[in-house]
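Participant: All chains, full assembly: derive it from the sequences and hints.
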Amino acid sequence: MSTETNHILIFRTNILTPADKLAVQHALDGHPQIEKWTVDLDDIDRVLRIVSRTLCCEEIVRLVSGHGYQCTELE
Amino acid sequence: MRTRNADKELLVKQKAIEMLVRDGFEGFSMNKLAKACGISVATLYIYYKDKDDLIVEIALEEAKHMSTAILKNFDPEAPFEEGLRQQWKNRSKYMLDNPTNSLLFEQLRSSSYHDRVFKTLTDEFKDTMGRFMKNAIDRGEIETLPIEAYWSVAFAPLYSLIRFHSEGRSIGGKPFTLSNKILWQTFDLVVKGLKK
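So the sequences go chain by chain: A and B.
Numbering of the first sequence is given in the working numbering, commencing with residue 136 and proceeding in unit increments.
Numbering of the second sequence is given in the working numbering, commencing with residue 13 and proceeding in unit increments.
Hints were generated in silico from the structure; no laboratory data involved.
Built from N, CA and C at the ideal position, the CB exists for glycine as well.
Restraint ranges, calculated between C-beta atoms of paired labels, are given here:
1. B:D139 with A:E193: 49 to 59 Å
2. B:L23 with A:C191: 28 to 38 Å
3. B:G39 with A:E210: 20 to 30 Å
4. B:I194 with A:I179: 39 to 49 Å
Once the Cα atoms are required to be at most 25 Å apart in a straight line, the calculated BS3-like pairs of lysine-lysine come out as:
5. B:K25 with A:K171
6. B:K63 with A:K171
7. B:K25 with B:K105
8. B:K47 with B:K27
9. B:K76 with B:K63
10. B:K84 with B:K131
11. B:K131 with B:K25
12. B:K131 with B:K63
13. A:K156 with B:K63
Facilitator: Next comes the structure, spelled out in structure tokens:
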């Protein structure tokens, strides 16, 4: 809860299962500019939450889309 | 840039507790909560990373709030009857002032969140309560007895009265409102039962 709110990016995805999560995990875990990330698999929007001081939404969308998943910014 | 807004956060907490009590943990969702608060789902995810995180964070905060309320003006070194009287005052006030929160704790007690929430109930709270009981035993004011037996006699009658009051009815559906007279009459019996 201490993270600065303007370093948090929120997306709607179709990361549906733990297997899907695993498929993006490598890219997200290994990204030096991503501090933390979580996907809420229980939620209807499968919300992806990224903590990064430097990345912008487009970069995350490209990264996740590159692994074959839909990813759009949640306003 | 999105910023945190204290009023909005408070609204989220209140609504979340209301919805959790009304719909249960299974029926609760981040989407429904966002709608009820008139905020976007994204904003909610700024505050909490998922439903579990939200439930645990809110419950922890409320547990801290509750232990502060219960320890208010309470001296574990006080004579037994005086200390227990303060406990009854504090506990009944907290439960009557925060009926929804009390229901949430009931739900949490029998849920998978139990350990994460109650293990972290502040050490100060547990130490103070433990010390109070030990003092009373050491001073020979009450019999030596297991903490569970002590708690069941010292507090369960109070919780039972509060439950009747919150539900508005007692045994067999008889309408019931808790009065000071009944509260302290019960307290006197509890003290009589525990004292040597």
